[in-house]
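There are 2 protein chains.
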Amino acid sequence: MRVESKRAQLEETIGPLNKGIGALKEVQIASCGWNLLREDVSLPAAVLYRDKVAHNLRWMQSFIDTYGVKLAPHGKTTMAPKLFEIQLQGGAWGITLATAHQVQVAYAHGVRRVLMANELVGRRNMEVIADIVADPEVEFYCLVDSVANINQLSAYFRERGLRLKVLLELGVKGGRCGVRDDGQLDDVLGALGQSPGAVELCGVELYEGVLKDEADIRVFLRKGCDLTKRLLQEKKFARTPALISGAGSAWYDVVAEEFAAAGFGDAVEIVLRPGCYLTHDVGNYETAQRRILESNPIAREMRSGLVPALHIWAYVQSIPEPELAVVAMGRRDAAFDSGLPRPALHYRPGRKAPSGIPSYWEVTKLMDQHGYLKIAPGDDVRVGDMVAFNISHPCLTFDKWRVLAVVDKKYDVVDLVRTYF
Amino acid sequence: MRVESKRAQLEETIGPLNKGIGALKEVQIASCGWNLLREDVSLPAAVLYRDKVAHNLRWMQSFIDTYGVKLAPHGKTTMAPKLFEIQLQGGAWGITLATAHQVQVAYAHGVRRVLMANELVGRRNMEVIADIVADPEVEFYCLVDSVANINQLSAYFRERGLRLKVLLELGVKGGRCGVRDDGQLDDVLGALGQSPGAVELCGVELYEGVLKDEADIRVFLRKGCDLTKRLLQEKKFARTPALISGAGSAWYDVVAEEFAAAGFGDAVEIVLRPGCYLTHDVGNYETAQRRILESNPIAREMRSGLVPALHIWAYVQSIPEPELAVVAMGRRDAAFDSGLPRPALHYRPGRKAPSGIPSYWEVTKLMDQHGYLKIAPGDDVRVGDMVAFNISHPCLTFDKWRVLAVVDKKYDVVDLVRTYF
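One line per chain: the protein sequences are A and B, in this order.
Counting in the numbering used here, the first sequence runs from 1 upward without gaps.
Counting in the numbering used here, the second sequence runs from 422 upward without gaps.
Just so you know, the hints here were simulated from the structure itself, not pulled from any lab data.
Each residue gets a CB set at the ideal place from its N, CA and C atoms; glycine is no exception.
Among the hints, a few may not be true.
Claimed, not checked - Straight-line C-alpha distance at most 30 Å; calculated DSSO-like pairs for lysine-lysine:
| # | chain 1 | residue 1 | chain 2 | residue 2 |
| --- | --- | --- | --- | --- |
| 1 | A | Lys365 | B | Lys657 |
| 2 | B | Lys795 | B | Lys831 |
| 3 | B | Lys795 | A | Lys374 |
| 4 | B | Lys657 | B | Lys644 |
| 5 | B | Lys786 | A | Lys223 |
As the list claims (entries may be wrong) - Per label pair, the in silico range of CB-to-CB distance:
| # | chain 1 | residue 1 | chain 2 | residue 2 | range |
| --- | --- | --- | --- | --- | --- |
| 6 | B | Thr487 | A | Val307 | 20 to 30 Å |
| 7 | A | Arg50 | B | Gly489 | 36 to 46 Å |
| 8 | B | Gly511 | A | Val307 | 30 to 40 Å |
| 9 | B | Val559 | A | Asp65 | 34 to 44 Å |
| 10 | B | Ala681 | A | Arg382 | 51 to 61 Å |
| 11 | B | Gly511 | A | Asn35 | 35 to 45 Å |
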């Protein structure tokens, strides 16, 4: 209820200046009767397929549940509170975020359990988080990996009369953040020991995605489990059960396996945080999913996998050469850092339904506002036709859009999803 | 006046959920007394330097004025109506934009002369533009390069009882949009001849930035001039003077030279449309600027050039290895498609002023929310320090931010600039 009313309050108006929507005075989008194929939407537009998103939501929650672990989807991917809400209603334990700003967005929309899988640095950022932590309904965790940061946090939160719950971040050499060796570990534990009442250690965190090789990842995960057991034994945790968290969107199966196999029992709550599963993609995460469906026994039994649930729709605007269709979609509209968008559907306004596209159609280049689509001479394609593109890397696609259209199977626009990047 | 009141109306509230600002209830930012170095701003933040932006504004307008041509800065770069306003007040002829959505944003903020340097495709997009063109104060142009598009535009605007002014887009083989040869040209001119009263030819447009070699660019520009002269002679233009437009942010000097040298006299208005000069960068446009300052006689006489006027400020959040500082800035915050951000300033809260950075500090990798900054063992850098980064490619940096902070020489935050991507 609280979530609902908060959201309604913040989202009652959709401004007229949102890319991919066009002017809209009402949040009651369903009553507008808009249909994507009838050209009611100003393209380019980012389009979420309601049924596919719902399928992916259920698939991941079911996968996670089978392992008896918890899901805190990484919200940085979508930064869409409406999607956080369906994730929480679907069974998620909380929402993971990366920055103070992102936490503020989630909190303002009613999210009350947040894992900030990152260090909290800087006076203003601490202020933002302290204002949220002061709410007794809030359960918030962030990461620490250095004495300097712990001392800064300790000084700030002590002065505010607040307690900050933290997880110790474990890293690997050549990786990102996180303590690398026993010396750093001892220093961090020492600083935490000096901060009672202000900074409280509640668990252990790692991000296996900085490694590329499964064997290395398993070694790293076991190291995290061993550290958690040691700190449990030494009674270093202020929370019962303690927390252990890992997993991006590529290796969540391996993390679930290793953490579940560690035999923590009731002493530890295991929290995984993939973020890209809701929309999935046809790039790195499709590759990862293929591996998971082949090798993971639970995924194999589920008889289905994640499906791409996000398209960028754009017009063909020029066919100046027999093998080139220029489409009105560019780097301003879709991720391009791990593979270019891939054409998926072709539609000519007035026709009954979209059709598939020839296998040789391919985006060869993206400029800021244009895409080069390779076609063959004589293909039945015209200026004014619509093309839907699958994407690689949902994170860097979502952040191009302030509003995404949600469509049903008939391409009726049934909802809008706002983002807060 | 009109622009002012429009803007005030749209921008009276800055939401509390804007990245890089933190909660803010007042648009009177100057009265908040915020200072970047006092950590009043939630980092990462995109920061514009007021004096440097003003310098760049004057430099480009002065350069353009010297050639006796017109400036219609490409607004897609910043999508910031407040910046459009200073560009117009500084002497710009109009604003260039790339999509119907972008035109809508500019129009809603009071811009009344727009060159949409792109084709207009799709029913909803035509509707958006028609609603704007219906305003008798508006002067709007878009591009055409195909019979199919002209027929679609003609049918739509005729039904609405409106006239659409267009420029014929000239292209090159292997380039983007635009007619390639005489056959296509004749077809397009034929279709325009069939659309009297609905679609009116007002000039010629090209984008030389699809070519890389100066000699090729000059050939292409002369082709554009020759075509304009031919169409003038054949009385094909519905506008007096006719328009000719070219120039991205890399070759505007060469375009100014060639178009000015064509000897159009009063018969043609020359409109150039660089977009990146306001903030400049330390990537492709710095390279382009170096060539211009070396080779262009007018730029040489101006005794100064464009300066980088946009920094991303971020905290050092972890120093887990002696040669690695992890900074809280990633692909969510800065462009990475034509060079990574480059560290420019280092500041420790409490110190008097930022200092320069060692020449060997370098961003080696960006993840979504993190940057890898290469340092040397023993460097005086700590968790909690602030680092300012210069950027490459302003367009793909601006579109990561909804609000940018404007600072003066003391780093006081004196204004906010909102974007509408």
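key: Hints the structure fails to honour   = 1, 3, 6, 7, 8, 9 and 10
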